[in-house]
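J.: Given the structure of chain G, go ahead and fit chain V onto it with the hints provided.
Protein chains: 2
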Amino acid sequence: MEIREITDGDWAQVWPIVREVVRAADTYTYEPDLTEEAARGTWVEKPPSRTVVAVEDGRVLGTAKMGPNRGGPGSHVSTASFMVDKEVRGKGVGGALCAHVLDWARAKGFAGMQFNAVVESNAAGLRVYERLGFEIVGTVPGAFEHPTLGRIGLHVMYCDFG
Amino acid sequence: MEIREITDGDWAQVWPIVREVVRAADTYTYEPDLTEEAARGTWVEKPPSRTVVAVEDGRVLGTAKMGPNRGGPGSHVSTASFMVDKEVRGKGVGGALCAHVLDWARAKGFAGMQFNAVVESNAAGLRVYERLGFEIVGTVPGAFEHPTLGRIGLHVMYCDFG
Chain G
1 MEIREITDGD
11 WAQVWPIVRE
21 VVRAADTYTY
31 EPDLTEEAAR
41 GTWVEKPPSR
51 TVVAVEDGRV
61 LGTAKMGPNR
71 GGPGSHVSTA
81 SFMVDKEVRG
91 KGVGGALCAH
101 VLDWARAKGF
111 AGMQFNAVVE
121 SNAAGLRVYE
131 RLGFEIVGTV
141 PGAFEHPTLG
151 RIGLHVMYCD
161 FG
Chain V
1 MEIREITDGD
11 WAQVWPIVRE
21 VVRAADTYTY
31 EPDLTEEAAR
41 GTWVEKPPSR
51 TVVAVEDGRV
61 LGTAKMGPNR
71 GGPGSHVSTA
81 SFMVDKEVRG
91 KGVGGALCAH
101 VLDWARAKGF
111 AGMQFNAVVE
121 SNAAGLRVYE
131 RLGFEIVGTV
141 PGAFEHPTLG
151 RIGLHVMYCD
161 FG
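Protein chains in written order, with full-length UniProt numbering: chain G, 1 to 162; chain V, 1 to 162.
So that you can see chain G by itself, here it is in the shape it has in the complex (with noise of 0.2 Å):
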């Protein structure tokens, strides 16, 4: 498995595991009707952002994103997010894209990466963030509509590179 940038022609693979993640609604605060223009625009970012594929035999199998969190005095802390096709979740997609981010950002002189809303129910996300280095600052309960849990709690969190 490669990951390298994101090309024009990856688009068409790419939009059907971006479509699948937020119509699922379970694991991101986008709208869960995002159309496929405002997708693009959202997901395939500008420098000094950067979004990447994970790719197998021309598959792609992933995708992340990765910039900094906010702007002016807040722009020494990156951020990232991560997105797996469904067929093939479990597979170490998730951790290599985040291993892969968390070397970019520390490469670029980042201070830390902060996740801002990781929901409480993703059991396989926050495996991976917390065995590449990432710490649960905080918890905003009931933050989170999940389909089919309810109101639960978004986390922020954080990875020093200190």
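If you're looking for bench data, these hints aren't it; they were derived computationally from the structure. Errors might be hidden in some of the hints.
It does not matter which identical chain is used: a pair holds within one copy or between any two.
Stated by the list, open to error - Below, a list of computed lysine to any residue pairs in the SDA-like style, where the Cα atoms sit at most 25 Å apart:
no., residue 1, residue 2
1, 86, 25
2, 46, 116
3, 46, 35
4, 108, 123
5, 108, 147
6, 91, 103
7, 108, 50
8, 86, 35
9, 86, 148
10, 65, 42
11, 65, 145
12, 108, 31
13, 65, 87
14, 65, 51
15, 46, 71
16, 86, 74
17, 46, 72
18, 65, 37
19, 65, 116
20, 108, 153
T.: This is chain V only, laid out in the frame that chain G set:
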């Protein structure tokens, strides 16, 4: 003092307030060199979000914006931001604006209000927020590059309406 929706004619008084706050770069993670056009696009919200001004005798003393903090499954939690004219700080303008946005968010049926990035050195803001029911959910260490204090924490705060 009256708090009301911003009008086109107010911007000439709002921009100097926004400019001073972003140039000082000690309370918000806006780019310090934010242009007037970008500031207007960021600060003057479109529905369902909303921007107000606090006015006394035709003079704008402060401004606030408010709306959903996130999209989709996160849209039941509100957020808000405040800026007060440097000349009239410490006189209750910020507190009145904060009480106003909380009333608005409760009336709109939001479940609570979240602040995503409160600079830990912002003692005046913290005093107001805590008095009005906000609690610190967690603090991202060193996430704010303060012009004189160096890297200090950013609090995530939450006020539950339940």
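J.: Does each hint hold? Answer for all of them.
T.: Results of checking the hints against the structure:
1. 86 / 25: within (13 Å within a copy, 42 Å between copies)
2. 46 / 116: both (20 Å within a copy, 23 Å between copies)
3. 46 / 35: both (19 Å within a copy, 20 Å between copies)
4. 108 / 123: neither (29 Å within a copy, 33 Å between copies)
5. 108 / 147: Between copies only: 22 Å across, 37 Å inside.
6. 91 / 103: within (20 Å within a copy, 48 Å between copies)
7. 108 / 50: Within one copy only: 12 Å inside a chain, 37 Å across chains, cut-off 25 Å.
8. 86 / 35: within (19 Å within a copy, 43 Å between copies)
9. 86 / 148: Classified as within; 18 Å inside a copy, 48 Å across copies.
10. 65 / 42: both (10 Å within a copy, 23 Å between copies)
11. 65 / 145: both (24 Å within a copy, 24 Å between copies)
12. 108 / 31: This pair counts as between: shortest inter-copy Cα distance 19 Å, intra-copy 31 Å.
13. 65 / 87: So residue 65 and residue 87 pass the 25 Å test inside one copy only (20 Å; across, 42 Å).
14. 65 / 51: Close inside one copy (4 Å), not across copies (31 Å); limit 25 Å.
15. 46 / 71: both (15 Å within a copy, 21 Å between copies)
16. 86 / 74: Only across copies: residue 86 and residue 74 sit 22 Å apart there, 34 Å inside one copy, limit 25 Å.
17. 46 / 72: This pair counts as both: shortest intra-copy Cα distance 17 Å, inter-copy 24 Å.
18. 65 / 37: within (17 Å within a copy, 28 Å between copies)
19. 65 / 116: both (14 Å within a copy, 20 Å between copies)
20. 108 / 153: Answer is between: at 21 Å across copies they meet the 25 Å cutoff, but 31 Å inside does not.
Of the numbered hints stated above, the single one contradicted by the structure is hint 4.
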